[in-house]
Each structure stands twice: as C-alpha cells, then as structure tokens.
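Each chain, letter by letter, is given below.
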Amino acid sequence: MQGMIVIHKSFIASFAVVATLVLSLGLFARPAFAAVPAEQYITDNIQKGLTILNNTQLSKEQRKTEFQGFLLGVTDINLIARYTLGQYRRSAAPEDLTAFDAAFKDYAMAVYQSYFSKYSGQALKVTGSYTLGADETVVKAVTVDPKKPGAKPFEVNFRVLSTGSRQVVVDFSVEGVWIRELERNDFTSYLGQHNGDVKALITMLKAKAAQSK
Amino acid sequence: MLRLTACASGAKTGSNAATSWGGEMRKLTFLALTGLLAAGCAAGPEARDPYEATNRTIFDFNLTADRLALRPTAEHYNATVPEWARDGVHNALDTWQQPVVFVNDVLQGAPSRAKETALRFLTNTTLGVGGLVDVASRIGIAGHDEDFGQTLAVWGAPEGPYLMLPLLGPSSPRDAAGLGVDIALDPTNYIRVKRHVFWWGVHFYGTVLDARSRNIDALDGIERDSLDFYATVRSLYWQHRASEIRNGMPEPAEPSVTE
Numbered sequence: 001m002q003g004m005i006v007i008h009k010s011f012i013a014s015f016a017v018v019a020t021l022v023l024s025l026g027l028f029a030r031p032a033f034a035a036v037p038a039e040q041y042i043t044d045n046i047q048k049g050l051t052i053l054n055n056t057q058l059s060k061e062q063r064k065t066e067f068q069g070f071l072l073g074v075t076d077i078n079l080i081a082r083y084t085l086g087q088y089r090r091s092a093a094p095e096d097l098t099a100f101d102a103a104f105k106d107y108a109m110a111v112y113q114s115y116f117s118k119y120s121g122q123a124l125k126v127t128g129s130y131t132l133g134a135d136e137t138v139v140k141a142v143t144v145d146p147k148k149p150g151a152k153p154f155e156v157n158f159r160v161l162s163t164g165s166r167q168v169v170v171d172f173s174v175e176g177v178w179i180r181e182l183e184r185n186d187f188t189s190y191l192g193q194h195n196g197d198v199k200a201l202i203t204m205l206k207a208k209a210a211q212s213k
Numbered sequence: 001m002l003r004l005t006a007c008a009s010g011a012k013t014g015s016n017a018a019t020s021w022g023g024e025m026r027k028l029t030f031l032a033l034t035g036l037l038a039a040g041c042a043a044g045p046e047a048r049d050p051y052e053a054t055n056r057t058i059f060d061f062n063l064t065a066d067r068l069a070l071r072p073t074a075e076h077y078n079a080t081v082p083e084w085a086r087d088g089v090h091n092a093l094d095t096w097q098q099p100v101v102f103v104n105d106v107l108q109g110a111p112s113r114a115k116e117t118a119l120r121f122l123t124n125t126t127l128g129v130g131g132l133v134d135v136a137s138r139i140g141i142a143g144h145d146e147d148f149g150q151t152l153a154v155w156g157a158p159e160g161p162y163l164m165l166p167l168l169g170p171s172s173p174r175d176a177a178g179l180g181v182d183i184a185l186d187p188t189n190y191i192r193v194k195r196h197v198f199w200w201g202v203h204f205y206g207t208v209l210d211a212r213s214r215n216i217d218a219l220d221g222i223e224r225d226s227l228d229f230y231a232t233v234r235s236l237y238w239q240h241r242a243s244e245i246r247n248g249m250p251e252p253a254e255p256s257v258t259e
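First to last, the sequence lines map onto chains A and B. Quick note on this note's numbering: the first sequence kicks off at 1 and runs consecutively. Quick note on this note's numbering: the second sequence kicks off at 1 and runs consecutively.
Watch out, some of these pointers could steer you wrong.
Stated by the list, open to error - Below, computed lysine to aspartate or glutamate pairings styled on EDC-like, alpha-carbon distance capped at 20 Å:
hint, chain 1, residue 1, chain 2, residue 2
1, A, 208, B, 217
2, A, 152, A, 175
3, A, 118, B, 83
Note that these hints are calculated values from the structure, not bench results.
With the hints as constraints, model all of the structure from the sequences given.
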C-alpha cells in the first residue's frame, strides 16, 4: 500500500517535471504513463544486475566478475572516461589517452561494483523519466528496502544515451549527485595539483582499482 | 559577470526583490530555471573556489578532528546503542526540525510543501510519541528538507565562493548566513524548562552525531575511491546543494561528449 502511494506520488512528481519542460523548452508533453524505451531498458537491466548480485550459486569472485561484465555491457565506459578528464583530454598524448581508458575502466568497474553490491538486498523501482536533448533520457528510480518499509527512499537516476538502436548508460546519480561529475572534479583537481600529468593519474587509478578489489 | 556568477553558483537569477512571495517567487524561479537551461554552465571549479589553499588547510584540520573525536564517538554510538533506539533519536531530531522546514517552505512561497511539513510534524508529534516514531513516512507523507540557505537561493542570493568552515564542513557565504538564521528559528532555543541545559547544543550535537553515525561507510568508500578527497567532497556538496535547492527537479543539460 505504501509502495503504491510512493509510486503514485512519484508519477505525479514526474508529470510535474515533464510539464515544466513543456513550458520551458516548448516540447510536446509526454504522458507519464507512455512506455519510454529508456525506462524499459533500465527496468530490465536493474533486474539483470540484481539477479547477478543475488546469485548465491556463484562464488563471491565469480559474482564480481560477472557483475563487472554486465556493467561493461550496459555502460559506454569510454564516453564516461573521456568526460572525466575534462579540459585535460585535449592536451593529453594519444598513447596516454589509451592507457587512461584502460586504467579508468578497471577503476570504474571496481568502484561501481563495490557500490552496487551494497544495495543487493534492496529493490530499485523506476518512477519516470525526462529528456535531456535529442538522444538522452534521464530515468528516475527510487530505492526500496524491504527490511525497512518506513525508511525514506532515496533517488537513483540513470542517464541513458540512445545511439541508433543501442542504448547505454552514461551516468548515474544518487540524491542529485552525478558520479561522472564527481569523478571529473576529482580527476581534474588531481591533474591540476600534478601539472596535468596524465601518467601520474593513471598510476593512481591503478592503485585505487587494486585497493578496491 | 552576472551570468558567470549565476552559472558558477547555480543560483537563481532575476531581481533581488523579496517583497512578495507566492506567484512572484514562482515566476522568478521559473524564469531563472529557463535562464539556466538556456545559458548552460561553463565556469570551472577554480572560479567557484578562489580560497582553495585556505580551504584545503581547514579541510585537513576537519579530517583530523573527525578522526580524533567525532568518528570514534559515532562508531561507539553505533556499537553501543541498538538500532531501534538510534532510529528513534533520528526520527525525533527530524520531527523537531520540521518547524524550521515549515518556516522556510512558507518563505519560499511553497504552500503545498508547507502543508506537507505541517502534517508531518503534527502526525509524528501526536501519533509518533513526541516524534520518536516516524508514522508520517509510513502513511505516505515522506517530507523534505528545507533551510534558510535554500530560501536565500530561491530569493535570488548568489552562492558566493566555496568555504570550508572549521568543524562545520563545506559551506558558502549564503549557506553560512542561512545557518545563522535557522539557528535563531530553532525552537529548542526557546525551551524554558531546565534552563541550565543548553537545549540547542543538545539538538545540534545530536544532529551531527546522528548524521555522522549514518554515513560512516559511505564516506569511507568515497574517501577510499577518491584521488583528491577535497575535490570530491567539494563536488558532492555543490551537486547535492543544487539538487536540494531545485527540490529534485531536472538540472540544466550538459553535453555527454566533453568540450
């Protein structure tokens, strides 16, 4: 019953969001209940991800490996990587960029995997979405902890990029904090403190990835 | 200059007129949001954090104070007080914050949110045994946070530079001023029984301890995964604050591909 109220209120909220976009961007309002491909994509993949995390038939190491493979399949990790370099992307040498892509991938997989595995006991319910430009959609979801039904749910959003027929996640946020933005601030600040030395950044990323394993 | 400030601070543009609420505020907020959507945001962290060197020193001091005092207390609190009791404390603190939230809802010209806050306060203080039980959430009145720093943002005050305050943590001139007003609004300041007890201090310390005890793992993870913890905390603060001010509404779009 409480879940229905939360979802109902969230639909009202997301409809208000869409209505505001109509006023400010002059787009046609999309009815809140229409099947949005990005929402379906996220719903399906939340299910897939949670199934892997909760698979007790696999060992902890196997679960980790499988979940990381799953994450790589649903995200565009290179796009995320390039975003996090910020203005240093333009000045970096091509071989450094390649090495950075590989180091970032390992780092991100280790970090995101350990983050999501903490929430394996909970459910994530998609509550709506809104568009950001022609090919990006933000899908809104809330956490639902079955052990604590009265606890305040928090909002987890996914930024989905559609390229042709393929959809990928390029960012996610928790309570309004986007991970890609967080990482960009982190990395560019580190680079700023180290004279833009991308090699030093790569070394640190490798160390952090090893730490999270 | 105005655009840079508005961009960098994520604050609402528009006139400084705080003479009327309600419709005027909504109009200004809507115009500001449109302005932000149209203008985009290009100012980097350096422009928003001109006192970075000093802030980093204070941040290191705060981390030391945390490691020596606050964190061990929070860990001890988690270890010795059972979860149901800690939840009770958390609920009571939240309930007794509702009057401040209510005043700020009204000041921001948000009557439906003010109504939700009032309902939440009344429900939890009566049915919730003086606020110990969060009955309101169970019946769908989830509640929200508001403070005078957010009210100042809605009224059009620019955020100002990033400030790392000793012991209080990340802030800005706007938020620091807001905190001052919220302290004055706090009803625990006006408790007249047992006047030798510093009730406001109890409230403040309790709030800090409650929050710290609930974020130990999350902050540990963030620190472990950061290359520059100071920069990560700063970005966390900016993003979370901007989201709070927008009341969770969508933010201006940034391109997915870097510049």
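Check whether the Cα positions of residue 152 of chain A and residue 175 of chain A lie no farther apart than 20 Å. holds, 12 Å
Straight-line Cα separation of residue 208 of chain A and residue 217 of chain B no greater than 20 Å? Given pair residue 208 of chain A, residue 217 of chain B holds - Cα atoms ~17 Å apart, limit 20 Å.
Assess, step by step, whether the Cα of residue 118 of chain A is no farther than 20 Å from the Cα of residue 83 of chain B, and give holds or violated. holds, 19 Å
When held up to the earlier numbered hints, the structure conflicts with none and fits them all.
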